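Residue numbers (our numbering), protein chains in the order written: chain A, 21 to 447; chain B, 10 to 294.
Calculated from the structure, these hints are not laboratory results. As the structure is a prediction and not an experimental result, all values here were calculated from the model. Cβ coordinates follow ideal geometry from the N, Cα and C atoms, glycine included. Among the clues, some could well be false.
[As the list claims (entries may be wrong)] The calculated DSBU-like cross-link candidates involving lysine-lysine, where the alpha carbons are at most 30 Å apart (straight line), are:
hint: 1; chain 1: A; residue 1: K91; chain 2: B; residue 2: K34
hint: 2; chain 1: A; residue 1: K129; chain 2: B; residue 2: K23
hint: 3; chain 1: A; residue 1: K229; chain 2: A; residue 2: K165
hint: 4; chain 1: B; residue 1: K23; chain 2: A; residue 2: K127
[To be verified] Computed Cβ-Cβ distance ranges for the label pairs, DEER-style:
hint: 5; chain 1: B; residue 1: I266; chain 2: A; residue 2: K161; range: 50 to 60 Å
hint: 6; chain 1: B; residue 1: Q32; chain 2: A; residue 2: D272; range: 37 to 47 Å
hint: 7; chain 1: B; residue 1: V145; chain 2: A; residue 2: G434; range: 54 to 64 Å
hint: 8; chain 1: B; residue 1: K25; chain 2: A; residue 2: G434; range: 43 to 53 Å
hint: 9; chain 1: B; residue 1: F234; chain 2: A; residue 2: D29; range: 56 to 66 Å
hint: 10; chain 1: B; residue 1: Q32; chain 2: A; residue 2: R49; range: 25 to 35 Å
hint: 11; chain 1: B; residue 1: L74; chain 2: A; residue 2: P142; range: 34 to 44 Å
[Unchecked claim] Covered, in the sense of this in silico footprint (three residues per stretch, anywhere, with C-beta under 8 Å from a C-beta of chain B), are these stretches of chain A:
hint: 12; segment: 113-127
hint: 13; segment: 332-339
hint: 14; segment: 394-402
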Amino acid sequence: MSIVLRAEDISKVFRLGDVGAKTITEDIRAAWHKITKRQNPYIINASANDREVESNNDFVWALKEINFEVKQGEILGLVGKNGAGKSTLLKILSRTTAPTSGNIKIKGKIASLLEVGTGFHPDLSGRDNIYLNGAILGMKKSEIKSKFDAIVEFAGVQRYIDTPVKRYSSGMYVRLAFAVAAHLEPDILIIDEVLAVGDQEFQNKCLGKMKDVSEQGRTVIFVSHNMGAVNDLCSRAILLNQGIIKLDGPTDKVIKTYVQQNMQVNINENYNIDDATTRRGTGEVRFVAIDTFDVSKNNTNEFFQYDNVSFKLKIKIIHPVKELLASIAFRSGKTRDIVTSTSKIKVNTEGISSGDVFTIDIIFPKINLRPGVYETYYWLGSSYADTAFDVVDNLMPPIVIGLHPDTKDIFTSGYFDDNFTFQQNKI
Amino acid sequence: MRVEKSEDWTLVIKPKSNLLDFQLKQLWEYRDLLFLLVRRDIVTVYKQTLLGFFWFILPPILNTLTYFIIFGLIAKVSTDGTNPILFYLTGVISWGYFADCINRTSTTFRTNASIFGKVYFPRIIVPISSVASALVKFAIQIGLLIAVVCYFYFTENNVFPQFKYIWLLPIIIILMAFYGLAIGIIISSLTTKYRDLSNLVPFAVSLLMYATPVIYPSSIIPEKFKWIIQINPLTPLIESFRFIFLGSDQISWWQLIYCFVFTIVLFVIGLVLFNKTEKTFMDTV
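Just chain B, same shape as in the assembly:
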């Protein structure tokens, strides 16, 4: 009998994989699929709609106007002297991307069960593609934001874009994406067997918004409750985003580093859970 060396085999199917084996090489081999899934998401969302891409910018405009009327004009919540329209618009857009990431990725296993049950490919491609395609929408909304910032910059001259911190913007966006992705894949892994959690998600996401300085500046929070805002890793992201475009709020470097570490830890936990789930979820979904 011929003795085979272990390296003769190109693939070994095993019951469990190494917890920290993320198969990055395989992920790279499937990069074309990632690209095509992103393309699919973008092309199909507004197909057969009259206004098409206009739907990317209409919701943040309407949300901003709503917050402006309710919180700005009626409840008279302070915006720390920042132009309220711009304050709400930056909040709505940046929060919107983060929430989008969670909502799209938290149902990965259930919405794709029919595909996952038939063909193998690295499952993590699907949530990554969701986050990437949400990025396109986010980019268009940032375009809208820049237009509005320009308008107020030239007419009222009360915004102060921080051009020397522009390099921070991609980092903030990547952190938001990975933070949202991490939460999303953790939820999607946990909900394959027990679906209760998925009922909680939309509710929890909207609650989380109120624990984040999206529609109010953190300065109006009483000292007693400041810790809630401070332990929320999203706070420095939203505030830095606002700082870069409007010059309001401030950048807290310590909080940003905290957010960075937190995101990495959460993402690794998410990957471990996700990889564990992808092996057997077809039996329980």
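Extracted from the complex, chain A is given alone in its bound form:
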């Protein structure tokens, strides 16, 4: 198949910190170097993009010498940790910012969906907003006109089509916005995973739409750190790490590398408790370490269905508490809903004092999860006023359940297997 997109040596330098009086002297210095035909001194010194390492250098490479090709009809997943350069690459591909060097060659019409409903005006009716949003996304008026009825039907807002969208419920608003985006027909579609927010029905609609798009021979570039969705949708993936391509290959191989890379995450009592998106809680009791082991005590996060999976949670008491409960949950990679959770395990807190460290082992002798990638959720808290002391949500490597080599069952949709009986009667 032919190549529809080729990125050649894409690099991007970002300036960290505030733009202010200091920048003007830097601008002048950079301009002077340009006049005297020397390379910009700030770009030469730019450092690798590692958000956890402090540096005095204000300039970093968000991307460095990125090269890849995309074939027609491919669904390419872009994965990597926060700050790996996924969004920057996305922005360059969607032309909202230019690369510092290198270029990208594209064949066909390209459209990007970094959000739905861009340019919606609250005072305009649904009808007017369909036209406006469609035009912003690059559709011609005649094109929107011919798809108008389909868009309205897809959104299911026939009755409200002449009402200003500010009167819409948030669900209707998002449906209408997505309906317009779903009727775009570009040759290459770039999608950000932030799209996959909203209720489960809507997420499935988004993901289903992406599959449709590629079945029509269009190319999709999907950016995500949702391993489950990438695994489901993409045949090939690229792993970005600190602005460079770490691995480009088949999805399962890339996910494996990504997961191993994340094994290095340190969970300790000093780890950023205020970060609402990752770790939250009141902090009286904290996780110090979390590890998973297979039946022969090997530290791993890859298992087969019905394997023995044991969790070792290392816990530190910062302030003594009256009651301490612990819980583990698995999340579905696709929708991020919790699909299974242990009941809250009561930890004996008699005679504990500040500074005590102990471990809890939670063992699943025969884990009943179908093959897939399951993100994990660890919780410490108490039943008083539903307090959470420490929550580690999607910070640890996900649990990967592989298809057992002995199984012939290739149907892997769903999360659990259950025993059932089967009977056939002729009437």
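Fit chain B to the given chain A structure using the hints.
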């Protein structure tokens, strides 16, 4: 390996574009967006107001009355024998359009940062649409002006509309639009990184009005200061506008040509700056 010809690609994303590559073809492809943005601006501005379009004509009427009372009745500034109401009204309306163009376009990047950060389309569409939608307001105000001119023409017979120069009117309006647009996009490009300038703009625009014969005729300016009025490219536009409707002031063809050249040069500078800024402003805004 297959060797690809360069013309195989429909689009190449590069760090910098050619300075003078304005991508007019692409602009034409997005003409529907231009039309829809103009429509949005017009429809939404006075939505949920009782008086609706009346707000387009109320401000110039009030401004004219204010100038008439302060400059005409109290300060007794000469209007060169022209009916003072009409003199101020023509000044207020034509200046108003120009100022509108600057004010609306000078914040293009900052007010649209959320859209620009998500979707690509030729950014220049947005300031052009602002200038075009301001034109609708201007047209309605010209309607008001024509009504007032008719009233004085038939009751007092002291206005002399120059019908044989009516062809000049669209040219003057286009020049005003492009001059305002040029200044606006230059300011909006410069303010993405350093915001200081944006604090100066409203102040500078109102100062510029006093350096333009809006509320006084250029004839009352002492010779010593005439050059200020003469190098101001806006002077011939306002004066020609007044000449066409009232028959007062005069058309200085040399000044009009000067204004024309000045506007083109400024607009090209503006486009170059704007195109340069649109590539990276998301990193600094």
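Which of the numbered hints above does this structure break?
Per hint list: 5, 13, 14 violated.
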